[in-house]
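Enquirer: Here are the chains, one letter per residue:
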Amino acid sequence: RLRQSLLGRLPGLSNARRLLSAPPSGMPPDDEKPMFPGSRSSFTTQLDFIHPENFEGIPVYRLVNRRGDLVDGAPEPTLAGNKDLCLQVYETMLQLNIMDKILYDSQRQGRISFYMTSFGEEGIVANAAALNPNDLVFCQYRESGVLMQRGMELERFMDQCYSNDSDMNRGRQMPVHYGSKDHSFVTVSSPLATQMPQASGAAYAFKRMQNGLCVVCYFGDGSASEGDAHAALNFAATLDCPVMFVCRNNGYAISTPTSDQYRGDGIAIRGPAFGIPTVRVDGNDVFALYEVTQQARQLCLTEMRPTLIEMMTYRLGHHSTSDDSSAYRSVDELSFWDREDNPIIRMRKFLTKRGWWSDEQETATKQAIRKRVLQKFAQAEKRLKPNPMEMFSDVWARMPPRLRQQMEDTRRHLEAETSHYPELKNYKPIADVE
Amino acid sequence: YLIPLSSSHYPVNQTTMHRPSLSACQLILRSFGRSGGNIVASRRFASSMNVRDALNSAMREEIERDPNVFLMGEEVAQYEGAYKVSKGLWKLMGDKRVIDTPITEMGFAGLAVGAAMAGLRPICEFMTFNFSMQAIDHVINSAAKTYYMSAGDVKVPIVFRGPNGAAAGVAAQHSQDFASWYSHCPGLKVVSPWNSEDARGLLKAAIRDNDPVVCLENEMMYGVSFEVSPECESKDFLIPIGKAKIEIPGNHISLISYGKFVGLCVEAAAELAKEGIQCEVLNLRTLRPLDEEAIVKSVMKTHHVVTVESCWPQCGMGAEIAARIMESQAFDYLDAPLTRMTGADVPMPYAQALEAAALPQVADIVRVVRRTLNRAAK
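Chains as they are written, first to last, in my numbering: chain A, 869 to 1302; chain B, 45 to 422.
Keep in mind the hints are simulated off the structure, nothing from the lab. Possibly wrong hints are sitting among the right ones.
What the hints assert, rightly or not - Example chain A residues on the side facing chain B (calculated, C-beta under 7 Å, incomplete):
hint, residue
1, 1055
2, 1069
3, 1200
4, 1201
5, 1229
6, 1232
7, 1246
8, 1253
Cβ atoms here follow ideal geometry from the backbone N, Cα and C, with glycine treated the same way.
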């Protein structure tokens, strides 16, 4: 370093040095910038491995703390400037929570086959509130809050879980695998992370169409390990697709804690590696979440490129009704997040301190919601299942003759042997379909 | 590419006369795609086209016709395709219609499906279908099943295409025939062209079809030329998906095949014709939905059947055809059990002689036909 500084003060000498060490004719001197294709940085003689553990980690953006107070020095959140929207978001989170409780219990009672709750992650409602209702959503499976915020009626959730005749999926999907064209929400697909390259592709299509919309893709901390996730992020970046990737990092992938899922700084650190503008946010702070989503959407559309939001949160419930999380986590850990740090509790504290909410309103609202949910639930349970012959439609755009033959054979069989199929009384009448 | 080893004729359709055999020189000219004028005086207006050009022109015309159609895959743009099937397309149409992808079949198949879900009509090329295994979840779970699982809400009008089956000396991981795997699944349509007319008509139909379609081509056929009718050259030439074609009518035995092996059946038929055995060569063209009516009709006429494929024996296409015949009225018309000629039940060996021994050859077909008909070997 001393030699270099000396040379720096003696321009003549440093020039000479450059001339003496210049490579033969025409090629640039080799002590300037690296010329490798795709290279952006500079040369160094310092041999330093980048040790990931030496970095503190990308900070978590947060505006309102656990006690429901605006953090010192934080700017006034955009969401907090809209009382009606705040209350609507809060009530939607409550409704999601109560619907989850009732449907979870109904599975335990054998009334539906399967369910997944969003306990602890209801903040996703605030994220959805900042989107355009026509932004196309690809989700994983724990994003019912997005559908609820977009206005999907309670009964449609129940109808899907019951696979009855009003089910939008006509009885072809497991519970919680919602989909709704009206709400720009692509049907949930079980294999993990497959929705991610699809989202990149759809965003590519939107870019071609120049429709001013973006695609939003939700995925979990576990799904981020899939090969599809890597491909999706890389493609979105190289093809300049307006897709907002939102990772729900809730600490667990069924029983696998994040400490076993990755060694790096979560999912956020991967964004810049792919060339994607990235932010990490407190997923239990609805105000921060709303802010971040708005900004990300702007970035996607004005710069026509992807963004990555890692929302840090905690999965309060079991992975699904097929899981018992007490097998792998402590009651103390669970009870901390349940009591102190989840989107509903924190927003409630903020709203109460602002004078926009009270204990009486809390009780009354919860009662009203519960009554409404139970009512819709009872209705959904009573509805008949679809005409069994619908099983044969929508395999292809047009039913081929061979399948039609199978449908007719099945219909004849069921009609002849009705007494052997007592469950048929719970189904709509059998009739051939197109 | 490689010229065919035997100078047999290439029948155009069953109503024309068989043309005289072509000289090796003429064959070489045609294999390299030079459609230098008429070779046969009796077929006025007919021209010659190789399978590569057939696929190329089909894609070009469909991309020009519909702004939503585009091609994506590894090396399809500037490199013009690993097998040059997309030659000239990128130069003509640019980055928006012909897209090179990074090396992730899983990634670009998923991306193509997402684009289809959002309203585009992608043609997703797999360098070979062997690599489609890395993306098969997207072909089946994302493409094939989605229209059904979304109750008609989400359409996936996508075409997955690429070479299928054995090439020459590329060993096990590059030689598998996926006809069984894909035709197994409801929600998919599966086509497998043999000649240039098939290639043009089936690929165009596939691109215009609203269901996900898998188009299984064969690398060895890309350089092979066929005469095509004027109709075939029309921009709206479509072959209906689900309809087989009788390449050569016959009364004694049905040879049922798809893709490259139709050509071998045609050669075997020519050889057997010399001893008075009339083979009916049925080119399936579509594997899903299978043209059961054509199969049954043919077997009811000839009473004997041999299927030819390069899939492995267990659960291959021959197994399905055998079952369908048994389930139909054709069963009562059989004078002998069906024989299915398949690839040997081993991963494809590399050595040339072993590879030849692992696949049905013309001599094998001839031998099996004679055996089925209880004729002594010559």
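Enquirer: With reference to the structure, classify each hint as holding or not holding.
Expert: Taking the hints in turn, this is what the structure says about them:
no., hint, verdict
1, 1055, "4 Å, holds"
2, 1069, "3 Å, holds"
3, 1200, "39 Å, violated"
4, 1201, "34 Å, violated"
5, 1229, "38 Å, violated"
6, 1232, "38 Å, violated"
7, 1246, "24 Å, violated"
8, 1253, "14 Å, violated"
In this structure, the earlier hints numbered 3, 4, 5, 6, 7 and 8 are contradicted, and the remaining ones agree with it.
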